[in-house]
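A.B. asks: The task is simple: from the sequences and hints, build the whole structure.
Chains as they are written, first to last, in our numbering: chain A, 1 to 112; chain B, 113 to 223.
One thing to keep in mind: the hints can contain errors.
Quick partial rundown of chain A residues pointing at chain B, CB under 7 Å, derived from the structure [claimed, not checked]: (1) Ala39; (2) Gly43; (3) Leu44; (4) Asp71; (5) Gly87; (6) Leu90; (7) Asn97; (8) Gly99; (9) Glu100; (10) Phe103.
Derived by calculation from the structure, the hints in this document are not laboratory data. All C-beta atoms in this analysis are idealised placements derived from N, C-alpha and C, irrespective of residue type, glycine included.
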Amino acid sequence: SQTIHQWPATLVQPVGSPLSLECTVEGTSNPNLYWYRQAAGRGLQLLFYSVGIGQISSEVPQNLSASRPQDRQFILSSKKLLLSDSGFYLCAWATGNTGELFFGEGSRLTVL
Amino acid sequence: EDQVTQSPEALRLQEGESSSLNCSYTVSGLRGLFWYRQDPGKGPEFLFTLYSAGEEKEKERLKATLTKKESFLHITAPKPEDSATYLCAVQVSGGSYIPTFGRGTSLIVHP
Chain A
1 SQTIHQWPAT LVQPVGSPLS LECTVEGTSN PNLYWYRQAA GRGLQLLFYS
51 VGIGQISSEV PQNLSASRPQ DRQFILSSKK LLLSDSGFYL CAWATGNTGE
101 LFFGEGSRLT VL
Chain B
113 EDQVTQSPEA LRLQEGESSS LNCSYTVSGL RGLFWYRQDP GKGPEFLFTL
163 YSAGEEKEKE RLKATLTKKE SFLHITAPKP EDSATYLCAV QVSGGSYIPT
213 FGRGTSLIVH P
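C.D. replies: Here's what the structure looks like:
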């Protein structure tokens with residue numbers, strides 16, 4: 001069966017510090033991968049998606065970047081965090097272009 | 113612009129009190145509509161996919177239905193463990209396959 005792992009679960013970082021969130025998927029090949037951010041009381045905002053190794057599409061201009069160094073690994077990064085980067089970050093995978101997404105447990109980021 | 117609107121934002125029910133959540137959408141062409149359940153501090157969990165008007169899907173106390181303009185998630189005789197945020201998402205045909213999510217309905221079922 002397929003599983004998705006996302007870490008760290010909780011992160012408290014000072015403004016201006018770097019960020020690295022990791023996500024790995026097991027039990028499937030060539031998944032579509034997604035990074036979403038969820039702010040309190042708001043819906044899921046798509047940040048990045050990837051259809052293959054090294055292929056990254058960005059939906060929103062921001063202080064963040066994403067990379068896919070391996071087929072089942074997706075990384076969200078920042079060189080310098082802003083207060084506005086605080087939120088709940090979710091990684092998800094899907095088979096092909098289906099809208100049935102399978103999410104990780106999420107990473108709660110607080111920037112102070 | 114494609115939009116997905118969920119109502120109500122929050123719903124409080126007594127155990128056993130059946131109700132419905134609404135997801136209305138305005139898209140150029142629907143490829144699929146998806147329901148998810150999200151527990152506090154967790155990632156959303158996929159529940160159902162609906163593809164065409166008139167389609168229905170059921171799982172335990174939940175039933176999802178679809179019309180040309182909206183979807184309903186019916187909750188029959190809910191239990192406290194049904195408390196969660198329910199998210200709706202739509203996928204548009206002929207364009208980006210990325211699903212667009214609504215803001216969700218927060219459901220609390222009191223014992």
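A.B. asks: Can you list which hints this structure breaks, lowest number first?
C.D. replies: 1, 4, 5
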